[in-house]
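Trainee: Listed below, chain by chain, are the residues.
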Amino acid sequence: IIFYIFSTLYFQLSFSPLVPQENAGQFFSSGHTNNWAVLVCTSRFWFNYRHVANTLSVYRSVKRLGIPDSHIVLMLADDMACNHRNPKPATVFSHKNMELNVYGDDVEVDYRGYEVTVENFLRVLTGRLPPSTPRSKRLLSDDRSNILIYLTGHGGNGFLKFQDSEEISNVELADAFEQMWQKRRYNELLFIIDTCQGASMYERFYSPNLMALASSQVGEDSLSHQPDLAIGVHLMDRYTFYLLEFLEDIHPSSKANMNDLFKVCPKSQCVSTPGHRTDLFLRDPGSALITDFFGSVRKVEITMETINLTEPIQQRQKETYSYVDQLPVSEIIHQKPKQKDWHPPDGFILGLWTLILLVFFKTYGMKHLKHIF
Amino acid sequence: MGLLSDPNRRRALISLLTRLNAPICVVCYMAGVAWFMGLAFEPFTLRTYMSENAMGSTMVEERFPAGERALGTGREFSAHKKKAGGMPVDWLVKTMQSRGLEVFTQRFSRRLPFPDEDKERYMVKGTNVYGILRAPRAPRTEALVLSAPCSPGDDNNQAVGVLLGLAQYFRNQVFWAKDIIFLVNEHDLIGMQAWLEGYHHTNTTGMDWSPLQGRGGSIQAALSLELSSDVVTSLDLVLEGLNGQLPNLDLANLFYAFCQKIGVLCTTQGKLQRNDWDSVSGYSHAVQTMMLMVMKQASGRPWGDHGLFLRYHIEAATIKGINSFRQYKTDATTIGRLLEGMYRKLNNLLERLHQSYFFYLMPSLSHFVSIGYYMPAFGLLALILLLRALDLWIQLATPPPRTEDGVADAEQMSSPGVLSVLTPLVISHLTGVALYTLPIHFQEIAVEHFPVSETEAVVLTAIAVYTAGLALPHNTHRLLTGRGTENGWKVLKLVAVLYLAVLLGCTALINFSLGFILALTLVPVAAFVTPDVPKALSAFIMVILSPACTLLFSVFLFQELQEMPVSFLDGWMLYLSVISQGILDHALYGSLVYPLVALLVYPCWLLFWNILFWK
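Heads up: the sequence lines are chains A and B, in that order. Counted the way the working numbering counts, the first sequence spans residues 16 to 388. Counted the way the working numbering counts, the second sequence spans residues 3 to 617.
Keep in mind the hints are simulated off the structure, nothing from the lab. Ideal placement from N, C-alpha and C gives every residue a C-beta, glycine not left out. Where hints are given, some of them may not hold.
For each label pair, taking beta carbons as the anchor points, the in silico distance ranges come out as [said to hold, decoys possible]: (1) B:R139 x A:P149: 55 to 65 Å; (2) A:R219 x B:R354: 19 to 29 Å; (3) A:L297 x B:T143: 30 to 40 Å; (4) A:G380 x B:A24: 31 to 41 Å; (5) B:R139 x A:K198: 40 to 50 Å; (6) B:Q262 x A:V122: 46 to 56 Å.
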C-alpha cells in the first residue's frame with residue numbers, strides 16, 4: 016500500500032513542477048542503481064547453433080538498452096561464428112533470410128569454449144573467483160544491483176546440461192542465489208531460462224527478490240523456431256525468438272512492465288507453456304519495468320535550479336534487520352507442496368528380501384512353496 | 003532338496019529330455035524357420051529413423067546446378083578412356099587440377115592366383131587417380147570420400163562426370179569442415195583395395211602399390227557412385243560389404259531421408275517398396291527383398307566398391323543408378339543435389355557414425371530388423387544342437403543294461419579310446435586343409451594333364467577334393483586299430499555337435515546370414531545322423547544338405563529372387579564361377595567365406611559323414 020502511494024506520488028510529481036529539495040529523496044528512492052547481466056549459453060557443437068544465437072540476441076537487446084560490456088558477463092560454450100561449417104563465417108543469424116546478425120562487430124565474450132563450466136558459472140554468481148581473474152570476468156554487483164540472468168541450452172527436470180559433460184541442478188542454483196542474497200550481491204534478480212522443462216529450474220528458489228521466467232513447464236520440451244536451409248541448422252528457439260521480437264520494441268524510456276513480459280510467447284506461438292514465478296518478488300511485477308532489468312536506465316532530470324542537499328535523504332527501507340533475519344524468509348515463501356510420488360521400494364531392500372527368500376527355499380526345499388501358494 | 007540336486011527330480015528331468023528330445027528339436031527347427039520368415043512381416047519391423055543427432059533432419063538447401071555439364075564431362079571422359087584404352091590418367095589429372103583439387107595418382111599391380119574369367123583379367127596393372135578438396139578453414143583431420151569406378155567399355159562414364167561436376171561445385175563452398183577426396187579407381191575392387199591399403203599403410207593381401215603422396219585425414223564416410231545412363235528412374239542402395247559387414251544404418255537412413263525429400267525413387271536390392279504388407283504378395287515381396295540381402299551378405303563378397311571400406315571402420319555404401327522402363331526420370335542435376343545434401347549432412351558429423359545399428363536386415367528401405375530381433379531365429383537352431391549334445395551326454399553317462407555275460411559287460415563299459423575320436427577329427431581337418439590349398443597349388447599340374455583352363459582347373463580340383471572326402475569313412479576304418487566301440491560314435495558325435503554349435507555361433511555373430519544358412523542345412527544333419535539310420539537314404543540327404551549343394555541351391559534361388567531364372571546348365575556354370583570368385587575373393591581381398599567353409603565347416607560335415615558310416 017505504501018508503495019502504491021509512493022508510485023502515485025511519483026507520477027504526480029513527474030507531471031507537476033518539481034520542488035527539488037523536498038523531492039530529492041524520492042528522486043534517489045528507486046531500488047537499484049546499477050544493472051548487470053549474466054548471459055550463459057551452455058551447449059556446444061554445430062547443431063546447437065540456436066543456443067548461441069539465443070544468448071547473443073539477449074546480449075544484443077541488453078546492450079542496446081544501455082548495459083555496457085563491463086557490466087555484462089557473456090558465457091558462450093562454443094564459437095558458431097567461426098565454426099568450420101558456417102557458410103557465412105563471422106556471423107550468427109537469428110532469423111532465416113539472415114535478417115539479423117546478432118554477432119555484430121562488438122561482441123565481447125567473457126567466458127568462451129571450455130571455460131563455460133558449472134564451477135565457473137557458480138563462482139561468477141557468488142563472487143568467489145581467484146584474485147587473478149580480470150574484471151571483465153567478474154560479477155561486481157552490490158546490494159543495489161539489478162541482475163538479469165539468462166540461461167539457455169539443453170535441460171531436463173531439475174537440471175541444465177553444461178557442455179555435454181556436466182549438469183547444474185536446480186538446488187545448486189537456488190543455493191547460489193541464496194549465497195548471493197546473504198552477501199548482498201543483488202537488489203533484485205530476474206532469471207530467464209530457455210530450455211526443455213525449464214520451469215523445474217526455478218522451483219527451488221527460496222531467496223527473496225527473485226523473479227523467474229521459463230520457456231516451458233516440467234514435462235514439456237522447448238521447441239526451436241525455424242530451420243535455415245542455407246545454414247543447415249535451427250537458428251533460434253521459439254521462446255527467445257518471441258522474446259527478442261518483444262524486446263526490439265522496447266527502448267530505454269519505455270514503460271512496459273513485467274506483466275507484458277509474462278505474456279510473451281503464449282502457447283499458440285510457443286507450443287510449450289511458458290511459466291513464471293513471482294512469489295519471491297517483493298514488489299508487484301506490474302510495477303517492475305522491463306528496463307529495470309534489461310536496460311541500464313539512468314534517471315535524468317534536467318533542472319535549471321541549484322539544489323542544496325543538506326537534509327539526509329530519507330531511505331525507503333524502514334526497519335533495519337539483523338544480518339540473518341533481513342527478511343523473514345519463511346513468512347515470504349509460499350512453496351508449492353511437493354507431490355509425493357510413490358516410488359517402488361528401494362533396490363537394496365528388494366535385493367535383500369530376494370536373498371532371504373532364496374536362502375530359505377534352498378535350505379528347506381521347494382516343497383514349502385506349496386504351503387505358501 | 004533343490005530342483006537339480008534331488009535325484010528323483012533329476013531323473014524325471016533327464017527322462018523328459020531323452021523322451022522328448024526329437025520332438026523338441028523338430029519344434030525348435032520349425033520355430034526358428036518361422037521366426038526368420040516372420041522377420042519380413044511389416045508389423046514386426048521398425049521404421050528407419052535418423053539416430054545421429056549431429057546429422058539431424060534433411061535440413062539443407064541443395065543448389066547443385068550443373069547436371070548437364072557433368073554429363074558432358076562424362077562424355078569427354080568416355081572419349082578419352084577409349085583413346086587411352088584404359089584409365090585416361092593425364093586427362094583426369096588435368097581436369098581435377100583445373101577444378102582446384104590437389105591431385106595424386108597411385109599405381110598398383112597384382113597377379114591373380116588364377117585368371118578371373120568373369121572379368122577377364124589375370125595380371126592386373128592400373129592407376130588410381132584421386133583429388134583432395136581441402137576444407138577451407140578446418141584442420142585436415144577428417145575426410146569424406148566420393149568414388150566412381152573407371153570401368154571398361156561404356157559403363158560408369160556418367161558417374162565420373164557427376165563426380166567431377168560435384169567436385170567443381172563443392173570447391174566453391176566455404177562450409178566444408180572435412181576434406182573431400184574424389185577418387186576414380188581402376189579395376190574396381192582391386193584398385194580400391196590398393197588405394198585403401200596405401201591410405202592406411204597396411205598390406206594384408208600382398209598387392210604391389212606405390213605409396214600415396216597425398217592424404218586427407220581419417221575417413222569418416224564414403225560413397226561410391228555407379229551411374230551408367232544420362233537419366234535414371236531409380237537409385238539403388240547397396241550396403242553389403244566384405245565378409246557380410248554392413249555400414250551403420252544411419253547411412254541408409256540418410257539416403258532414404260534425402261530420397262524422400264527430393265522425390266527420387268529409391269530401392270534396395272533392386273526391388274521397389276510396396277505398401278500392402280497385409281496381402282500375400284506384399285509379404286512375399288518383402289521376404290524376397292530380405293532373402294536377397296541375406297544371400298548377398300552370406301556370400302561374403304563386397305557387392306560394390308564400398309565393401310572394402312567397412313573393414314577400416316569407415317561407413318560406406320554404393321549408390322547405383324538404374325534406368326528401367328518407367329515414365330518418371332530423374333536427371334543428373336537431381337542426383338547431384340541428392341549427393342550434395344548427403345555430403346552436407348555428413349559434413350556436420352562430429353564423430354564417426356555409431357548411434358545406429360551395425361547389424362540389421364532390411365526387408366525394404368524404410369523398415370529394418372535389428373540384431374536383437376533376428377538372432378533368436380538362429381538361437382533356436384543352435385538350441386537343437388545343445389539339446390542333442392545333452393542327450394548324448396546323458397546316454398554316455400548312464401551305464402548300459404546288464405547282460406548275462408559279465409565279460410561282454412566289461413568290454414562294453416570300457417570307454418572308447420581317444421584315438422577313435424581323434425582320428426576322424428584329424429583326417430577330416432586334413433581333408434579340409436587339402437580342399438583349401440590343393441586347388442590353387444596344383445592348377446599347373448592339372449592344366450598340363452587335362453584340357454581345361456586354369457580357372458576351371460581350380461574349381462574342378464576343389465570339387466574333386468570335396469567328393470574325395472566322401473570316400474573317407476571307408477578308408478579311415480582300415481587305419482583304425484581295433485573296431486570302433488559302440489559308444490565311440492556317440493563320443494564323436496558329441497564332439498562334432500558341440501564343435502558345430504561353436505562354429506555356427508561364431509559365424510552367426512560375425513555374419514548372421516552365413517551362419518543362419520549353414521545352420522539351416524547342417525543342424526538337421528547333425529541332429530539326426532547316427533549309424534543306425536538307413537544308409538543309402540541318409541547318405542543322399544546328407545549330400546543334398548552339404549555345404550556344396552547348399553551353395554548350388556543358393557545360386558538357383560538367388561537367380562530366382564532377382565527374377566532372372568536360369569536353366570540348369572547355366573546355373574551349373576554360374577555355380578562354378580561362384581566357387582572361383584569365392585577363392586579369388588579370399589586371395590585378393592581377404593574374404594573369409596572360403597577358408598571358413600573349407601577349413602572348418604567341411605571337416606565338421608565330414609565328421610558327421612564319418613558317423614553315418616560308423617561300423
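Trainee: Now tell me, hint by hint, if it's right for this structure.
Mentor: Evaluated hints:
A C-beta distance of roughly 29 Å is found between R139 of chain B and P149 of chain A, which places it outside the suggested range of 55 to 65 Å. Hint check: R219 of chain A to R354 of chain B, Cβ distance near 40 Å, so the stated range 19 to 29 Å is violated. Distance hint check: the CB atoms of L297 of chain A and T143 of chain B are about 55 Å apart, inconsistent with the given range 30 to 40 Å. At roughly 33 Å, the beta carbons of G380 of chain A and A24 of chain B sit within the given window of 31 to 41 Å.
In this structure the hint that R139 of chain B and K198 of chain A lie 40 to 50 Å apart at CB holds, the actual value being about 44 Å. Between Q262 of chain B and V122 of chain A the C-beta distance comes to about 39 Å, which lies outside the given range of 46 to 56 Å.
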